[in-house]
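For the record, the sequence lines run as chains A and B. The letter at position 85 of the first sequence is residue 85 when you use full-length UniProt numbering, and the numbering goes up by one with no holes. The letter at position 842 of the second sequence is residue 842 when you use full-length UniProt numbering, and the numbering goes up by one with no holes.
Rather than coming from a laboratory, the hints here were simulated on the basis of the structure. Remember, it's a predicted structure, so these values are computed and weren't measured experimentally. Hints may be right or wrong, so weigh each one.
For identical chains, the list gives no copy identity; a pair is met inside one copy or between any two copies.
Think about it this way: if two alpha-carbon atoms lie no more than 20 Å apart in a straight line, the pair counts; the simulated EDC-like pairs of lysine to aspartate or glutamate are [as the list claims (entries may be wrong)]:
hint	residue 1	residue 2
1	Lys675	Asp655
2	Lys185	Glu158
3	Lys185	Asp175
4	Lys675	Glu648
5	Lys675	Glu605
6	Lys820	Glu746
7	Lys550	Glu648
Protein chains: 2
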Amino acid sequence: MPNGTFVYDFSEGNRDQKELLGGKGANLAEMTRLGLPVPPGFTVTTEACRWFLTHDEEPPALRVQVTSALRRLEDSLGRQLGDTHDPLLVSVRSGAVFSMPGMMDTILNVGLNDASVQGLAEASGDERFAWDSYRRLISMYGRTVMDVSPELFSKALEHAVESAGVASESELSADQLRSIVVIYKEIIRTHSGREFPQHPREQLDMAVRAVFQSWNSERAKLYRRRERIADDLGTAVNVCAMVFGNLGEDSGTGVAFTRDPATGSPGHYGDYLANAQGEDVVAGIRNTLTLDDLASSNPAVATQLAQTMRRLETHYRDLCDIEFTVERGKLWMLQTRVGKRTAGAAFRIACQLLDEGLITEDEALARVTGSQLAQLLVPQLAQNAGNRVLTRGIPASPGAAVGQVVFDPAIAVEWAESGRNVVLVRRETNPDDLAGMVASVGILTARGGKTSHAAVVARGMGKPAVCGAEALRVDEAERMVTVMSEGEQIVLREGDFVSLDGATGEVFLGEIPVSSSPVSRYLLEGMDAVLPSLNEDDAAAVLCVDRILKYADTVRRLRVRANADSGLDASRARHLGAEGIGLCRTEHMFLGERRELVERVILAETSTERTDALAALAPLQRDDFVEILREMDGLPVTVRLLDPPLHEFLPDRSDLMVRVALAQERGEDASADEKLLIAVNRLHESNPMLGLRGVRLGLVVPGLFALQVRALAEAYVELVRAGGAPQPEIMVPLVGSARELRLMREEITGVLAEVSEHSGMEVSMPIGTMIELPRAALTSGRIARAADFFSFGTNDLTQTTWGFSRDDVEAAFFAAYLEKGVFTISPFETIDEIGVGRLVAISVEEGRKSHPGLKLGVCGEHGGDPESIHFFHRVGLDYVSASPFRIPVARLEAGRAVIVAAAASDTR
Amino acid sequence: MPNGTFVYDFSEGNRDQKELLGGKGANLAEMTRLGLPVPPGFTVTTEACRWFLTHDEEPPALRVQVTSALRRLEDSLGRQLGDTHDPLLVSVRSGAVFSMPGMMDTILNVGLNDASVQGLAEASGDERFAWDSYRRLISMYGRTVMDVSPELFSKALEHAVESAGVASESELSADQLRSIVVIYKEIIRTHSGREFPQHPREQLDMAVRAVFQSWNSERAKLYRRRERIADDLGTAVNVCAMVFGNLGEDSGTGVAFTRDPATGSPGHYGDYLANAQGEDVVAGIRNTLTLDDLASSNPAVATQLAQTMRRLETHYRDLCDIEFTVERGKLWMLQTRVGKRTAGAAFRIACQLLDEGLITEDEALARVTGSQLAQLLVPQLAQNAGNRVLTRGIPASPGAAVGQVVFDPAIAVEWAESGRNVVLVRRETNPDDLAGMVASVGILTARGGKTSHAAVVARGMGKPAVCGAEALRVDEAERMVTVMSEGEQIVLREGDFVSLDGATGEVFLGEIPVSSSPVSRYLLEGMDAVLPSLNEDDAAAVLCVDRILKYADTVRRLRVRANADSGLDASRARHLGAEGIGLCRTEHMFLGERRELVERVILAETSTERTDALAALAPLQRDDFVEILREMDGLPVTVRLLDPPLHEFLPDRSDLMVRVALAQERGEDASADEKLLIAVNRLHESNPMLGLRGVRLGLVVPGLFALQVRALAEAYVELVRAGGAPQPEIMVPLVGSARELRLMREEITGVLAEVSEHSGMEVSMPIGTMIELPRAALTSGRIARAADFFSFGTNDLTQTTWGFSRDDVEAAFFAAYLEKGVFTISPFETIDEIGVGRLVAISVEEGRKSHPGLKLGVCGEHGGDPESIHFFHRVGLDYVSASPFRIPVARLEAGRAVIVAAAASDTR
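Extracted from the complex, chain A is given alone in its bound form (with noise of 0.2 Å):
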């Protein structure tokens, strides 16, 4: 509940008050409070607005609160609000938790009337100035408070223009403006049945409340939605004293970093513009100078404002973005906040404050994150190829595309499997469009966001994606998409080239040449191969991102570990830090060449004829075994002996039965296919998902999990005698109870004691399960006595636990659910903590519990999170595995989640 104050002075408040005063309001606070030159004013706060939204009328109090508010504006200035002197003006300006830029509503110049517009014009000593800001105000109050459309006051404006003959607005005279103003009154007469209002606390009031509503206008609902943020925050409402920059030469206004946001490198960056407003720097009218330009224009403000800079990076400990005014000579502060930066500018600004002493290590480890990490991982395009940018969506899923445009699904296909690589482009896709997505490099659409069927099927392939690039007008009939890029109107067929940078939303014409970024080399190559080709930038970033990642791995107590299944990948992913393998699957070892073998162990007639066929996989499976040992030799290899149902490693049934049926249509002989269709009907399942597979082949088909242990344990033998230290462990997966993995033990202990018989040396190995049933969560207690270690498969107990599958479903209705609000990010990606976590809880706790000295790790993707991270190390597991291009992320996460959990505990 409110606790009634809704009204806070600048220098009430502090910037740890966000949620109540919105980003912008605690900033002003903050720099009021460090006594620089802000212009005084009050927040309203977000309760105040919520109140509003919930009971469609402001608080009873916020009235007495503003009245008091304002008169002290108006003490500490000497000035009034409408006074026909030195009238008082106030800007009126949102300002939410989050960011929300351009979304909500702004009015300026309120507390102008006929009477004070001649108090102003007076005070300023111009009045040409005095009536543009009354008709700036009467444009800005029509549309967002009497719901005018803006349209109405532009041509106006446009008329009179014209008829003065002049080239643009800023050539009217004070005159001409005067009458524009008499214009604008009966625009908003006419189209709202009302008044423009003369009394400046009605302007105020109003426009207060026209930011409230603001709050729920369309675009900023669904700019929430894209950006997932809660749509019951509410916003700020920042009431401040007017200052202006186009009072002359010795005005303006900027917008200024405190580092390169770019690159992080250091010193100032900045945009000034001399005699202009706010909204001129950011319209793009006249070129803008640089904080040099200032300097020697300038130069006490610009010490000045060096001066404020330093001082708030200090105070904030930060990068800082801010804008300023310079209101005849003097510096006035409108905004600052801590700066957004590029991924590789986060590494090394956090690394230079800490050189600078301003932060500690583990506030540089939590200054970066996996997922700024995982931008620097993926392929790049090359930078300053010259390519036009056509136009900017929203980054749906990071990495690089480069194709030939395609507006059909199926033409993607077929181009695709003629070799090409296409991007496909669409209004928006939906289900019908998954193969055509399958086939393309990359995936652009000009509507919808983060959460739109285009963007979560996209991540969940792992293919870059823009989405919501609007200014693209899609014509699929046509076969053509038009967009205007830099006010020219660009048209592309089907077949042009196009570029994505999935991780900015940028899209350039033609073919940029992509390579693997500096990053992800730096950690393959290592760092003196890598450093010596990259430019000073990247190499900075390089050398930063080394070592935050070391620091984080000093700090993590997490251990990562990497899904690979072959030896090249047990290479790879020690390179990337794999500190062992946790997900070594074997079901490859069961295809490729492998499947005449495979089909003759699944068809076998008698129980020779499979041990035969088991026995000639046997020395294969091994060879495979001893690679990725020796590989990973001296840290631990978590082999899950065979999973998928059998029925995979046989022909589509479906292409079968079509087959045969031709061929007896033909009169052709099809004895084999139908041999092969009895056994592939025998073994159909309607949800194979959920069928036999796991644990249950291993104790309903004798020999194969045998089969596997066998060439497991012979591979650890062969090692051990070359000299090495594999450290294999063996995975059953799928148990659902406990009995079924004792009896799955008992056999794998019996052939670990036959191959220690037959080799003489002591052949044992720990024995766990996967933990990706609800059951075997639940039943965990239990389970934990007959098991080593529990190995979480949090991709089947997301499948099982939510009831739906994945690949069925992330097409289907992932978007809807997303666009719905039943997820906020698909339970794949992010780990369910209230469902799927729960299981996960309970089953470490109640497996500890059991088994204390139970090794408990996670191998479904979301090992690869950075938010699951976070959980999986609050929740106590020992290590995660992650694919082996996470894990760089996957050590930075473990790192920060320690830093971030310790940050809540002090908290609480």
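Go by the hints and put chain B onto chain A.
Relative to chain A, chain B alone:
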């Protein structure tokens, strides 16, 4: 740990010590305590046996305890084991906690040797008897202790009978028997390499050990597996002074029941054989007499026996069966226990004992079971049809099946398609036989027990089955089965008729008429309509079922509803006592003639097409609802919105592919099929159970659920206008998160409001959800806030919690899992308490906590399973919903659950 006492005198124990003394030992002790004439003796405990089985030797303390128990026995009788004048002989019998008739060993006449046999002859005055007893000891001992093949003894005996030129062994003289003893001892010496031991104590100790060991004989293990008796219980051993029924015409032996166990009618029933031992009664060598015969030949003993039986029944307050021996006019009780009875007798006896004041109403209810009632409900083979009993097997799945024998599953399918009723006869079944099992009316196997593949699959399909009929010699290649029946070899060939009783395990030759059972007729037609047509026993059973069922209704807290999808089902369910419908599926409303409309909905390319097709379906759905609600007027009807994925309403994909391929091959027009195939491919799911179904469908396919809700609301309006009191409830399937339900609830409420407005009648109804996904259970606290009720869909919840689909796995590995002890019973039959049940418990607790008025029920098939009903009672549900024919079972068990739970909490 054993407390160190391994031997209890009969005078020390009581009937509550079955776990320690075994069933036989505890009851012998109880009878001793009651002062009934039990020959003195002592019991070696199950603990001693378990120790022996674990350590492979007797517990050290056992020897001295046996010594002192034996001394007490000798002292009380004044006779000594092995005495040369009047020796004490003892029997050594197994006695497990659960009866395992004939499975373990017995050794009689222990204590006889070359010297004491003379003493026995002297004391009994019957030399022939003495040598016959000695002969019996040697052969029993040789077989059980010394591992000599029993055939060697029986052949030697046959040879002696032949040589003596007599008809049977009973005509052999004392001298001839003496010679046989010499031969028997020689057999033992030759085949075991050891002498038959002359030391009586050695005989005793080795006999006890042999009984211990017989616990783990193959046949005992097999029996336990079939009967689901734990393998680690062990058996007690009863050592009892011998009494002899074969000492002349004033001696004899018999078995008796205190009431008729077949019909439950009052009065003693039994068999008596003069001048005979117990084995002779069992072997059926001579025709037995009735107890009435005994009364005329030996009235004093008969009277004492009758009094004893009355005493036992009063004491045990239940039907008892007994074994007794008369030794020279003196009655000895050798065994008693609460007797087995048929299902009908169980109800009748419970009522009788109640009327006699021996038991309370609660106890009467506890004395009968739901599975007994279920037996009384299945169709029955006509009694006294006179057909020959071919053999008996394990009653694996109840019900009557009459049909023609087939041995080949393919022929079963073929014949069934041509309209014949077939009974599939196999040595044992495996997953390949599934189609044949589906096609058959009943299944008969020669091997396997209640957990065999055939049994599990048959129960899953609700099909009668008799398994493990080991007398059958099945020759599948020759398509014939031979069986010895009453000494005659009978051959059955393909096409011959048999009749199976799956409740008793009986297999009859020929066709026996099948009819509804008297109990089911009474339930459906009413008592008055049925009673006159029944014989006395059936009438009594029906009256008793009625009485106990009505009592259960007064006791139970759980309400009982039906799973019913049509007016007919609803009406039937109401007769059977349903208090509403807990699950009305709506899938069938999309089948049959409506398929075409449904196809139009699915294939619609525009929303108009879809809306039109939906509109055409609406009135049909409304009529369905009217019919069901009318039948259940005044009672709640829970309607589940559409659950299955849409492709279930379209043709099979593989079939369609074949059709299209063949049409193309033939150059025929396949465009309609091709169009259909595109849609089928689009909707194809690799795991439909985990796909786009339930609430997902409702949220993704516009108008689908609204159609159903509108139809239901309109049906409601129609019925209320006609003066009815319909009580529909809307159930949303497959909810996994609270938001899904909230969204669906909004849509449903909107539709109801529309119908309210249209009709001018307030239309509102409870809206709830299935809890059938682990995530729903785990987030019940949230979901409950949007739900008026939860209904546990324990079928799907079992499938997702375990991660297997019933369709795929029941045939594939359930039998193996039961065999291996992973399951003790199929989790689809009885709820898996520690896994699935734990989720139910979590959901109940957290759902109620966040929504105190939440109504809770279950609509999975477990709702009709006795053991599961007890769980649902304990966990606090409000109702169970079961298929109509399980409703009486559910009513009964819901009542019993109250009694059993109260008893359990009393003893706690």
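Going through the hints against the structure:
1. Lys675 with Asp655: both (14 Å within a copy, 19 Å between copies)
2. Lys185 with Glu158: For Lys185 and Glu158, the Cα distance is within 20 Å only inside one copy (16 Å; across copies 130 Å).
3. Lys185 with Asp175: Answer is within: at 16 Å inside a copy they meet the 20 Å cutoff, but 141 Å across does not.
4. Lys675 with Glu648: Classified as within: same-chain Cα gap 17 Å, cross-chain 28 Å, threshold 20 Å.
5. Lys675 with Glu605: within (12 Å within a copy, 41 Å between copies)
6. Lys820 with Glu746: between (49 Å within a copy, 13 Å between copies)
7. Lys550 with Glu648: neither (42 Å within a copy, 55 Å between copies)
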